[in-house]
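Student: So you can see what is in the structure, the chains are spelled out below.
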Amino acid sequence: MTIQTQLFEGALIRLAPIDHEKDAEVEARWTNDPHYLHALESKPAQPVSPAQMKKKYEAIEKQLEESKNSFYFTIRSREDNRLLGFVRLEWIEWTHGTGNLKMGIGDAGERGKGYGSEALRLLLRYAFDELNLYRLSAMLGGDNPAGLRFFERHGFMQEVRRREALQRGGKFYDVVHLGLLAEEWRSKNPKEVEP
Amino acid sequence: MTDNLFRGQLVHLAADEPEVLAKVSSRWAQDSEYFRLLDSEPPILWSEKKHKEWIEKELEKDSSDNFGFMIHKNDDNAVLGFIALFALNWNHGDTLVAIALGERDHWGKGYGTDAMRIMLRYAFQELNLHRVGLLVFEYNPRAIRSYEKAGFQPEGRIRGMMRREGRRWDWLMMGILRSEWLQLQQESG
Numbered sequence: 001m002t003i004q005t006q007l008f009e010g011a012l013i014r015l016a017p018i019d020h021e022k023d024a025e026v027e028a029r030w031t032n033d034p035h036y037l038h039a040l041e042s043k044p045a046q047p048v049s050p051a052q053m054k055k056k057y058e059a060i061e062k063q064l065e066e067s068k069n070s071f072y073f074t075i076r077s078r079e080d081n082r083l084l085g086f087v088r089l090e091w092i093e094w095t096h097g098t099g100n101l102k103m104g105i106g107d108a109g110e111r112g113k114g115y116g117s118e119a120l121r122l123l124l125r126y127a128f129d130e131l132n133l134y135r136l137s138a139m140l141g142g143d144n145p146a147g148l149r150f151f152e153r154h155g156f157m158q159e160v161r162r163r164e165a166l167q168r169g170g171k172f173y174d175v176v177h178l179g180l181l182a183e184e185w186r187s188k189n190p191k192e193v194e195p
Numbered sequence: 001m002t003d004n005l006f007r008g009q010l011v012h013l014a015a016d017e018p019e020v021l022a023k024v025s026s027r028w029a030q031d032s033e034y035f036r037l038l039d040s041e042p043p044i045l046w047s048e049k050k051h052k053e054w055i056e057k058e059l060e061k062d063s064s065d066n067f068g069f070m071i072h073k074n075d076d077n078a079v080l081g082f083i084a085l086f087a088l089n090w091n092h093g094d095t096l097v098a099i100a101l102g103e104r105d106h107w108g109k110g111y112g113t114d115a116m117r118i119m120l121r122y123a124f125q126e127l128n129l130h131r132v133g134l135l136v137f138e139y140n141p142r143a144i145r146s147y148e149k150a151g152f153q154p155e156g157r158i159r160g161m162m163r164r165e166g167r168r169w170d171w172l173m174m175g176i177l178r179s180e181w182l183q184l185q186q187e188s189g
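Heads up: the sequence lines are chains A and B, in that order.
Numbering-wise (this note's numbering), the first sequence opens with residue 1 and increments by one.
Numbering-wise (this note's numbering), the second sequence opens with residue 1 and increments by one.
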């Protein structure tokens, strides 16, 4: 028996490491879009310069090495290797097999093309079949029905609704916590039977 | 105006004192039931010295979003536990709260609920926050009842977040909004 599954390769995208030279410029540009920042974070939206972004990458890789409880991948197009987004697994508690997932596709024009779905499928396989986690969580704040549909399409269930935990433009929004158990994921992705 | 923001009917809140807190924390943590009601990390046994160093490091952090207090009994000033706000988001007026009573012969007698009421008053009247939330493990019904008494509403369950003693347990999340807290104050006169 051999193991030959390419964990990081999809049809449209691949999961890849950070490119410290090229990515900072692209990702810094995304931070000029407050909608993108609001979909990802509850902290105040703030544009980030390429130089600051490079420092952020250093910090991310340092944390990956030191903490052993997070993973970070860039999402790149297979076609021309351009940076599309990122996906991050964090707050892993190995004792309990739990972790939290965060992801983003930076350019509004690149959304709805299946890149995010493919990245999430790869990440779920990585989390459940490689890290052997028991469950994954994700959080969504604000007015983001597309985000909710995205996660629910991939089997996540709404588990918690933290009422009025976000305030934007003078209005309050709930923060929704979603969860997916390995057994739920596995029942939809039965292992291919080895010949 | 409230006479003393830090004083309740049974307990009062006071500043963390590393010396005192390290002593009691080290003793409390040897009670694995206490530890496992409080934390999802595996119970560990730290020396008093290690506890003190950790507390001192925590106290050095930026105090503008770190509100932690020791819980003292009103009648004899004994330290019963601690209560703290964490993950405070000023821009949304949202915070989480954690509470623990290490002295187990004082469990189930209303001390925790009283401390929580003081903390909620502090969060809503002094910090002017919009909501306070918390996490509690499903195997801690005593705490859940106390939070309900203090005015927290259930906000959902995170399924199977913990594996202990051979089975999976949910985490419950609860929250109270400023408007709900104000309503409670009116009702209680």
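Among these hints, one or two may not hold up.
Listing some non-contacts, in silico: residues in chain B with all C-beta distances to chain A over 12 Å [what the hints assert, rightly or not]:
{"hint": "1", "residue": "Y34"}
{"hint": "2", "residue": "W46"}
{"hint": "3", "residue": "G93"}
{"hint": "4", "residue": "K109"}
{"hint": "5", "residue": "R159"}
{"hint": "6", "residue": "R168"}
{"hint": "7", "residue": "E187"}
Here are the simulated distance ranges between beta carbons [as the list claims (entries may be wrong)]:
{"hint": "8", "chain 1": "B", "residue 1": "F86", "chain 2": "A", "residue 2": "Q52", "range": "50 to 58 Å"}
{"hint": "9", "chain 1": "B", "residue 1": "L45", "chain 2": "A", "residue 2": "Q63", "range": "48 to 56 Å"}
{"hint": "10", "chain 1": "A", "residue 1": "R186", "chain 2": "B", "residue 2": "N74", "range": "34 to 42 Å"}
{"hint": "11", "chain 1": "B", "residue 1": "K49", "chain 2": "A", "residue 2": "T95", "range": "20 to 28 Å"}
{"hint": "12", "chain 1": "A", "residue 1": "E58", "chain 2": "B", "residue 2": "E53", "range": "25 to 33 Å"}
{"hint": "13", "chain 1": "A", "residue 1": "P44", "chain 2": "B", "residue 2": "N66", "range": "38 to 46 Å"}
{"hint": "14", "chain 1": "B", "residue 1": "E33", "chain 2": "A", "residue 2": "E90", "range": "43 to 51 Å"}
{"hint": "15", "chain 1": "B", "residue 1": "E53", "chain 2": "A", "residue 2": "A11", "range": "29 to 37 Å"}
No farther apart than 25 Å at their CA atoms in a straight line, the calculated lysine-lysine pairs in the BS3-like style are these [as the list claims (entries may be wrong)]:
{"hint": "16", "chain 1": "B", "residue 1": "K73", "chain 2": "A", "residue 2": "K68"}
{"hint": "17", "chain 1": "B", "residue 1": "K50", "chain 2": "A", "residue 2": "K55"}
{"hint": "18", "chain 1": "A", "residue 1": "K62", "chain 2": "B", "residue 2": "K57"}
{"hint": "19", "chain 1": "A", "residue 1": "K62", "chain 2": "A", "residue 2": "K113"}
Calculated from the structure, these hints are not laboratory results.
All residues carry an ideal CB built from backbone N, CA and C; glycine is no exception.
Student: Does the structure break any of the earlier hints, and which numbers would those be?
Tutor: Hints 3, 5, 6, 8, 9, 10, 13, 14, 15, 16, 17, 19 contradicted; others consistent.
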